[in-house]
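Top to bottom, those sequences are chains A and B. The numbering used here runs 1 ahead of the 1-based position in the first sequence. The numbering used here runs 1 ahead of the 1-based position in the second sequence.
Honestly, I wouldn't trust all of these hints.
Which copy is meant is left open, so a pair is good if it fits within one copy or across any two.
[Stated by the list, open to error] Cross-link-like lysine-lysine pairs, in silico, DSS-like; alpha carbons within 30 Å at most:
1) 291 with 391
2) 874 with 818
3) 179 with 191
4) 446 with 708
5) 854 with 714
6) 581 with 708
7) 780 with 421
8) 642 with 854
9) 642 with 818
10) 183 with 5
11) 714 with 421
12) 642 with 421
None of these hints come from the bench; they were simulated from the model.
In case you want the letters, here they are:
2 protein chains.
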Amino acid sequence: MTKKWVYLFEEGNEGMRNLLGGKGAGLAEMTNAGLPVPSGFTITTEACNAYFDAGKQFPEGMWDQVLAAMKKVEDQTGNKFGDPSNPLLVSCRSGARASMPGMMNTVLNIGLNFDTIVGLAEPVDDDRFAWDAYRRLIQMFGNIVKGVSRHKFEAILDEYKAKTEGGKDTDLTTDMLKDVVKDFKALYKKELGEDFPNDPYQQLRQAIAAVFDSWFGAPAVTYRNTEGLPHDWGTGVNVQTVVFGNMGWDSGSGVAFTRNPATGEKQIYGEYLLNAQGEDVVAGIRTPHKIAEMKDELPEAYEQFLEICDLLERHYRDVQDVEFTIERGKLWMLQTRRGERTAAAAVRIAMDMVKEGLITKEEALMRVTPAQVDQFLHPRFDPKAILKAKEDGNLLAVGLNASPGAATGIAIFDADTAGKWGRPEFPVEEAGAQLRALIGEERAKQLGSEAFQEIKDERGNTRALKIKVILVRPETNPDDVHGMVAAQGILTQHGGMTSHAAVVARGWGKPCVAGCEAIKIDLAARKFSVNGREIREGAYISINGATGEVFEGSIATIRPRFEEEHDLVTLLGWADEVRKLGVWTNADNPQDAARARAFGAEGIGLCRTEHMFFDQEGEEISRRENVVKMIMAEDEEERQKYLDRLLPFQRKDFEGIFRAMDGCPVIIRLIDPPMHEFLPPREELIEEVTRLRCNNENPDELAEKEKMLQVVKSLWETNPMMGLRGCRAGIMYKGLTEMQTRAIIEAACNVAQEGVDVHPEIMIPLTSHINELHEERKKLEAVAREVVAEKGVDVKYKFGTMIEVPRAAITADEIAKYADFFSFGTNDLTQMTYGISRDDAEGKFLLDYVDRKILPNNPFEVLDRDGVGVLMKMCVEKGRATKPDLEVGICGEHGGDHASIEYCHLLGLNYVSCSPFRVPPARLSAAQAALLYEYGRKQ
Amino acid sequence: MTKKWVYLFEEGNEGMRNLLGGKGAGLAEMTNAGLPVPSGFTITTEACNAYFDAGKQFPEGMWDQVLAAMKKVEDQTGNKFGDPSNPLLVSCRSGARASMPGMMNTVLNIGLNFDTIVGLAEPVDDDRFAWDAYRRLIQMFGNIVKGVSRHKFEAILDEYKAKTEGGKDTDLTTDMLKDVVKDFKALYKKELGEDFPNDPYQQLRQAIAAVFDSWFGAPAVTYRNTEGLPHDWGTGVNVQTVVFGNMGWDSGSGVAFTRNPATGEKQIYGEYLLNAQGEDVVAGIRTPHKIAEMKDELPEAYEQFLEICDLLERHYRDVQDVEFTIERGKLWMLQTRRGERTAAAAVRIAMDMVKEGLITKEEALMRVTPAQVDQFLHPRFDPKAILKAKEDGNLLAVGLNASPGAATGIAIFDADTAGKWGRPEFPVEEAGAQLRALIGEERAKQLGSEAFQEIKDERGNTRALKIKVILVRPETNPDDVHGMVAAQGILTQHGGMTSHAAVVARGWGKPCVAGCEAIKIDLAARKFSVNGREIREGAYISINGATGEVFEGSIATIRPRFEEEHDLVTLLGWADEVRKLGVWTNADNPQDAARARAFGAEGIGLCRTEHMFFDQEGEEISRRENVVKMIMAEDEEERQKYLDRLLPFQRKDFEGIFRAMDGCPVIIRLIDPPMHEFLPPREELIEEVTRLRCNNENPDELAEKEKMLQVVKSLWETNPMMGLRGCRAGIMYKGLTEMQTRAIIEAACNVAQEGVDVHPEIMIPLTSHINELHEERKKLEAVAREVVAEKGVDVKYKFGTMIEVPRAAITADEIAKYADFFSFGTNDLTQMTYGISRDDAEGKFLLDYVDRKILPNNPFEVLDRDGVGVLMKMCVEKGRATKPDLEVGICGEHGGDHASIEYCHLLGLNYVSCSPFRVPPARLSAAQAALLYEYGRKQ
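Just chain A, with the same shape it has in the complex:
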């Protein structure tokens, strides 16, 4: 017996999503819920995979099962496929496990030919409609199944539309459409060297194969790569009776959300077009009407639609995104799926549904993603800057507020350029030259640093720069995805809230202004005009996705006020109730510490001390100068002199942080980077010394630089990451970590005397052998005891270590003997476990690896469970075997990543620590992990 490859809608249900795809499962679920769904069937995702496995051949038995299902559909509808007198027409649509908006291809009106066209026209007595349906089939089939450029079809159509008065497609006459069909067929033959297939089953067969093929088409692959989705899911194919929204002015098509996807407001939200097929609404070719207007135009269908929406929400217990068609007054539901929504909407909907009794608090927590919480905190335009821009007359136009958020950047008019400019991360020192090469010396100078988005590293330093671009298009389609990924935001002239640009941008949380008809784009001239002004490619614009406003120039942004986001604050409060993991923060100064506490941080998991060695504003003495002298000291006495000078600064820094974290633990990491990071770069010195020698003008400066170069050379390391740094510096530079420990404990005693509840934890970095930790701890604990005795204040402190070297994880049972706590430094741990130097690799091969799927994702963003994770597990087990109550946390960048937090929960860590702005999403991630694994709840 061959496998079952084909399921009638009535044979499936929502639970069969993996087999039938989201769309197929949804249609089945709707059908069985008694909704008006046109008859049809689904070919399984397994069939898709089998098709590719067999080298693009339908698996055995599939086509026979399709034919049998077609027979059933004929019975249900009373129509017959290919029958001139009473023709059945079907659509062919993709539908994968997860929604991939616009990525997959759809062919409508399969079954039409010169014979059946008569049968289609006859019952409605509308030749024009039938010919329009036929030209659509040829157009879609030619483009999607056969790959003929859509623009070539559109050019023909535009030619005919230009001859009409209205200029719209509905203005075309029957004769014109007949000519269009003729021209389309000629184009088809010219492009492909074959006739458009007349046989309905040929049409169907080729359409099904095309849907399969599109699974590995470039746009789908790009989308899955961007979203991190696997390539082996496959897509289902849905074959369904066509209903016509274009059977006259009592017909129409629409898409809608059962609640507002931008704000979450409880109000049906969508668009429709009369006398149009569904594709017309989404494609953005005609700007559609708001759904509320249907109440007047088609009141009965509208009432029925409201009822169905309500039914759907109660059935699915979530907001639905539906497609419908009204054929001569009768409402048909074509699709329903979970409605994508903005961050604001997600939170509001979750809260509302709890109030409405539709879902529980725990379910609400699962309805919002940590990424959405993160979006809440993204910069928005400063209202004062907006006012100023308006006063200055820089508001160009207002479009649809399709996806909220503030974006500024250089206007770019095609996806390739946007991808080329906006994608790469340039090293800081190269970015200027790259920009000049792209936009010319003068423009680059004008833009200056505004041209760039800063990419920060773990230490908060700018690691790289990206050029900020805004993609400006008449409309977008799946071919543009790579440019959309690279852009800061998207601006389209046409298309509604459910257009491709709007839906994709919302899914990604990227700002988008859609349907901004006021701007007139001239692609050939690479510019747009608005109110007599011209914005050329390379000009700087700003778009506000929350209001739809488009400005010329750059507008300053501010962070939103977290505490005013009451729904979010409440939701995260619920998260705190269920999560098992603590959420701490990485903060090096009192300001960051205070901000993180406001975001809900319960401690500092990583306070780096090396920033404190650089000059601070408003201080008369140069810290850095003292640090340089300390490093260059010729004996221990001299070194101690400069260390003594640095001590009061460090103490002051720690006092501020302790005050900000009153009542919370504060883990302070002793100096970590190699000493040469505090000196000028070797290459720079070589250049200077060579020049000075050459010029032979300034012998004093030369001598000084030569001396510095000598020191820098002696400190220079081939692989500094694995060199003299971390605890090794503490062991080799006498007095250094003693000074830091003294500063920490003196500061703790001082603020304790002020009444602050202080919990210092001193973290020794880069332990690879137990003896290193033992040696440092012994030495530093003596200092701590001495200070506590001197001050006479009973301050409790802990000593622990970072686990960032594989060997430390492997020997954790030993290391736990001398550590009160462990903190995973997963950045370095990943570097060493993977043998990948992050700074070098990202530009040279790592991103390429991810693109080419050699790596499932960037291991510096998402914790590598199979490699690094195994070491972490071993470490936790061995460490707790020695010391059952060992405090274990994570302070690497992964501490703020959702999937990584889930793994930390599974490992039983005490807390995750992340940068302040990642604290709120981390709270939700931790709660979701607890819900998934502790309460056995999985949405």
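Following the hints, position chain B against chain A.
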């Protein structure tokens, strides 16, 4: 009940070595074997540890047990401790678990004072002897127990000796000795502010404590660190009745080996002095007589001694190193221990004893250390160069051939300077400056590269330079150990084959010429004179430890011929019969491959291909130039052009290697280092470009260098070890590894057609994720299949990977799916697991770490079982779980290290691979591991 801290000799045996120390266990064993051993007892090593644990206090009950044991000894000897009429005198000696020649301290004649001296003199009617014994007690006690400089005592003694005719200590009169005692006591009081203790029990108590204390004295600690012995063994203390070798001319003391320790010849070998205490023989103050002479001087004692030596060898089934004393014609055995021997002697003795039926073949294999096998292969002076040196009149003198081997270096006259000059490893570029700073511009220029010993890295490149020094001393003592360690060889004016210098040097396998009385050393003037020539400090000399010859200047060395060392070849043949591990070699060219095969290598475990990218002698086309152009190619087509040019060279290289390894597997590693290693260094280019810009003279050269600099900058990496190298280069540089694979398989097919039995195994380096290996293997296997098809030769090949990244070991179950073999690259694996960059660390902190005992040893020399070893174990288990017959080997430097080979045996690896000269010792190491763990035999 308190612990038993004290054992009478009759209570112990050889098996109690750990508790009683080697010397104590030996005395007990000898006593119970019925040998003439002076009565005594041993205080246990546990007592020593308890003493230190208690803060240098005797543990509870110990002293009482000592008193009780003294009582027993009094009963046995009939003498009484402190009794003026019939005094018992005892010695107090250290004795740790392992022999530590000369490291531990001995005090003789305890129990003497103004009262008992009478009783000592009376029975032999020899005042002089008694006063000499007393001055020895004060001298040893003052020096060893109280730390007064030995030179101060010797200065007094020399003063009196100078007044005699003979000038020897035996020429001192009784009155003179009484004055010496007076002066010694005055010195004692002056130096220490207290009187020399009169109470015998006070003397004993302090002497015992001093032996304990010496366990953590600097020389003992240095020795243990050098030998890698643990510090927690503790030493035993042996208290034993003193017998006097200096009771007149019918008395004497001696030391002997039961066979010749230098050659292994079956002939008693040793030295003695009449009318002398044992310390005089070892100390090298008087040059002793050869043992054979005793036959004439003391025939009875000599006969008895021969019998006892024979008894001892049969009892212990090994060569013994004994100390004896003849007191007025009666022979006493004071000590026996396993005789240290040279490499040549070890092999000969083992072979002879098998022939004699004393030991089995397996035992013979355990009697030779791999380090001794290694010594066999050390360079020796080229006989032609020796002849030439003699013709040129550069043979200065001939001393005792105390420890074989050839050494050349700068003559240095004290241990501190030898340590300071000879110890550090200087980076190549700094070494010249360091040498100039030490010996002056001119001398350094004269010496040139001869001043240096090259320290090679894994790739055979010179990693660092050490200054070669020869330590020249009148005699050596434990204080000189640090200088001896640093020196290439040791030359002494005084002392015999059993002198401190000779024994220590033999133990280390370091060349030594001892007792070279012809050279007259003037320490103050830092020079020695010989035959009217003067050799000043800083001059270059050569010593031949096998012949005792000392030359001025440098003499060329050659490697010995392995195949002519018949005993060794036979022994290693036995090793091959028992070992489970294969022994392969790391070789990059046919010459090395052939040499390694002659040494017994059974395959090539690592053939590096990067050397093949550098220019080779006698080739007209520059390989390197093509490599540079290949790297700088602007597109793939251009790159392929240069790759095509490189292919024939690589193919030729592989053909040669395959021919040399006919019938053996050859693992070839594809290109591993980052591409920038083939280009000029960045710093050099920066300097050149800056200078060219400054001079503004040569625009063409500037343009060229600027272009090169741009490329070098774009390839530059912060941490190249973890950058774009290994398989990553293969993945990112299209065509590179394809070319290498084609060259390998073409070469294999070509030589197979010649009739060579060829087994190529292609190794993909630096895998961290299974997909990397999968991607490369897929690509390269296609190339291999293509070549085999083209050539029509049925060559079998394997594809495998290096395991050198921690993640590869952790995910070995996955990786084994696409690997036919694994090879541990433990150099990089250690770097990444430890987070230590070897190149950077050794000079900056690693050697310091080892000195300070923060690390037990250098993990790049001895495999770190607790860290790296855990990953290896995991890797083998996971890899073989996927593929039970997976071939697993090691090609890192550890593959030639004894302890690491043992661990590889325990892991069940298939083979170890090491550099050619390490193959013979590795064969023995592998056999010993098999014997220890497979046959349950442990010597």
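Here's how the hints hold up against the structure:
1. 291 with 391: within (28 Å within a copy, 110 Å between copies)
2. 874 with 818: Both ways: residue 874 and residue 818 sit 18 Å apart in one copy and 24 Å across, limit 30 Å.
3. 179 with 191: Classified as within; 18 Å inside a copy, 129 Å across copies.
4. 446 with 708: between (37 Å within a copy, 25 Å between copies)
5. 854 with 714: Between copies only: 28 Å across, 40 Å inside.
6. 581 with 708: So residue 581 and residue 708 fail the 30 Å test inside a copy (55 Å) and across (57 Å) alike.
7. 780 with 421: between (54 Å within a copy, 29 Å between copies)
8. 642 with 854: This pair counts as between: shortest inter-copy Cα distance 29 Å, intra-copy 54 Å.
9. 642 with 818: The answer is neither: 34 Å in one copy and 60 Å across copies each exceed 30 Å.
10. 183 with 5: neither (40 Å within a copy, 114 Å between copies)
11. 714 with 421: Close across copies (22 Å), not inside one copy (39 Å); limit 30 Å.
12. 642 with 421: Between copies, since 29 Å is at most 30 Å while 53 Å is not.
Checked against the numbered hints above, the structure violates hints 6, 9 and 10; every other hint is satisfied.
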